[in-house]
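Asker: In case you want the letters, here they are:
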Amino acid sequence: MEELNIDIKQLNEKINKESAIIELLTMELSKVIVGQKEMIDRLLVALLSNGHILLEGVPGLAKTLAISTLAKTIDADFRRLQFTPDLLPADILGTQIYSPKKESFSIKKGPIFSNLILADEINRAPAKVQSALLEAMQERQISIGDETFKLEDPFLVMATQNPIEQEGTYPLPEAQVDRFMLKVVIDYPKKEEEKQIMRHNLAKEFPQSNCILKTESILSAREVVKEVYMDEKIEQYILDIIFATRTPEKYGIGKIKDYISFGGSPRASINLAKVSKAFAFIKRRGYVIPEDVRAMCYDVLRHRIGLTYEAEAENISTEDIITEILNTVEIP
Amino acid sequence: MKNLTLIFLFLSTISFSQKASLEKDTILIGDQIKFTINHVLGCDYQIEWPIYNNSIVDGIEIIKKSDIDTLYDHDQEFPIIQQQYIITSFDSGTYTIPPIFFSESVKSEELILVVNTITVNDSTKMSDHSPLLIGEDEDLTTEELDKLNENKRNRTMIIIVIVLLLIAIAYLVYKYLQRKEIIKPKVIVPIHVTALNKLQNLKKQKLWQKGELKEYYSEISTIIREYTELRFVFNALELPTSDILSELKKLKVEKKIIESLGIILKRADNIKYAKGLSLEDENKEVMELSVNFIKKTKIENERISK
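Each protein sequence line maps, in turn, to chains A and B. Heads up: the first sequence is residues -5 to 326, going by the working numbering. Heads up: the second sequence is residues 6 to 311, going by the working numbering.
Hints listed in this document are in silico derivations from the structure and should not be mistaken for laboratory results. Please read all numbers here as calculations on a predicted model, not as lab measurements. Warning: the hint list may mix true and false statements.
As the list claims (entries may be wrong) - Pairs of lysine-lysine, DSSO-like flavour, derived with a Cα cap of 27 Å:
#1 A:Lys227 x B:Lys289
#2 B:Lys254 x A:Lys31
#3 B:Lys215 x A:Lys3
#4 B:Lys271 x A:Lys8
#5 A:Lys227 x B:Lys215
#6 A:Lys220 x B:Lys219
#7 A:Lys227 x B:Lys208
#8 B:Lys211 x A:Lys227
#9 A:Lys184 x B:Lys219
#10 B:Lys255 x A:Lys31
#11 A:Lys8 x B:Lys219
#12 A:Lys227 x B:Lys219
#13 A:Lys185 x B:Lys255
#14 A:Lys220 x B:Lys271
#15 B:Lys211 x A:Lys277
#16 A:Lys3 x B:Lys271
Work the whole structure out from these sequences, hints included.
Answerer: If you want it as structure tokens, here you go:
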């Protein structure tokens, strides 16, 4: 018991030390990005837990600015991909180009070979392009011709979807959406924040962020995140939440059963556990508490719960279902 | 009464009988009955025939009277002289009709007429008992008769339904009263008493003394959350510590109370989720703080009965 206590103590100290970079990062990002704290937190969580983000929000909410600034602060490569209906998988992944001079094929790597990628309006590209990107996201390697290339770490894709314009779009299939660790919904900034944004843009020079870290720091922080302690009680809590999405009637919420066509997959449990640890790390804690799980629950589950026709007819969202589950599942 | 002298001459020897009779000797006020005077004549016999004008005696009034009639009966040898009166009385009492003298030696028997009143029951409510004015069936057409019969059937059905309903209501009332007698009101122990009892039991188990620190703090945390949920009516069992404290703040609970609850729950979280350890004094302190939290926030004189 004493030994275990020392472990946690040491871990807490270690995490407290290592997570100092998060404060530095946040400060640097806030120089450029006003508000959108939740989006920045989620970006860092995804970066620390080696996941990808699907972002939903109207245009002009600093999505590109956020990820490009993050890339700059951690000294990472950044590429923005605008998805269009005529885009081809090779436009993203790369292709083989024949050189008549050398009489051989040479490989031209696509923009996916970067650390941070903004896949803008991912639902505007046809299924084969989406599929190519999502496969790369999952496998973290790309095959062009006979050669296979490993994608360099850290590798984070932040894809965006515009919730307003749905015409001429190719909605992502559930199986592919599941590959995003988080789905974050962002809203307009507050009045005070927007006033600040306005001032930034009217000033002579737009604020700039500096490179304060190396990508290696992020990779080492990832290793520390893995060490964050998760008690069995928290594991049980995560499982209860995920199982409540599958069999709500067993948790006394049979009323939502008809609204759910499918619940969270095992990937949901795995990701909820991972991001809870990362969130605890951001909060500079060496162990996960129920607050961490609850804070990340919506982002992990909102794209992993399938709604039935009844739910849509009654205007019930996945957020409503998650709220109901969180209000019913007891904290151990 | 005047006497009319009549002279009859008969050929045969004296052989006669005389009679005055009442149709009934007891009547109700207003009832009409026959009063008959008969006299059988012999030959050459002289009688005096009674003549009544308006009444037989005081109180017995004459409604109608017949002529004096002479009847011949086959069994009788002599004719019979008869006169009938329709009489009534509007005063109750017992009336004596004295003997009628047909001659000095011939008379009828004395008659008694008892007139009764109608007994009126004062407790009976006034209601209209007059029969429905329905025309004679003979005057109605077949359709009207069918309708009439249908109405009668409907009325009967309604009466049956009402009777059945009354029986059902009576049965239900009976059952309800019977049930009420069986289920005695259950007094629920106030929530603070339940929580304090649980804490007392936990203390007796001496969990932290046995090294079961996590169980000890888990139990305390559950007891406090259960109590908070019932006392402040929000889902404390499903909320993490920070949210519970925020909720209490919103409910404007005293700051010191929230702070002490914060110490209990945060310490419990540390033990439960972070393999934390605590000193002996801290374990005792958490128990004391829990008891004080309940005592300070309890509702006085709480009695809930089901």
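Asker: Against each hint, give a clear statement of whether it holds in the structure.
Answerer: Here is how each hint holds up against the structure:
no.: 1; hint: A:Lys227 x B:Lys289; in the structure: 24 Å, holds
no.: 2; hint: B:Lys254 x A:Lys31; in the structure: 25 Å, holds
no.: 3; hint: B:Lys215 x A:Lys3; in the structure: 23 Å, holds
no.: 4; hint: B:Lys271 x A:Lys8; in the structure: 21 Å, holds
no.: 5; hint: A:Lys227 x B:Lys215; in the structure: 21 Å, holds
no.: 6; hint: A:Lys220 x B:Lys219; in the structure: 24 Å, holds
no.: 7; hint: A:Lys227 x B:Lys208; in the structure: 23 Å, holds
no.: 8; hint: B:Lys211 x A:Lys227; in the structure: 22 Å, holds
no.: 9; hint: A:Lys184 x B:Lys219; in the structure: 43 Å, violated
no.: 10; hint: B:Lys255 x A:Lys31; in the structure: 24 Å, holds
no.: 11; hint: A:Lys8 x B:Lys219; in the structure: 24 Å, holds
no.: 12; hint: A:Lys227 x B:Lys219; in the structure: 11 Å, holds
no.: 13; hint: A:Lys185 x B:Lys255; in the structure: 25 Å, holds
no.: 14; hint: A:Lys220 x B:Lys271; in the structure: 24 Å, holds
no.: 15; hint: B:Lys211 x A:Lys277; in the structure: 35 Å, violated
no.: 16; hint: A:Lys3 x B:Lys271; in the structure: 16 Å, holds
Hint check: violations occur at hints 9, 15; the rest are consistent with the structure.
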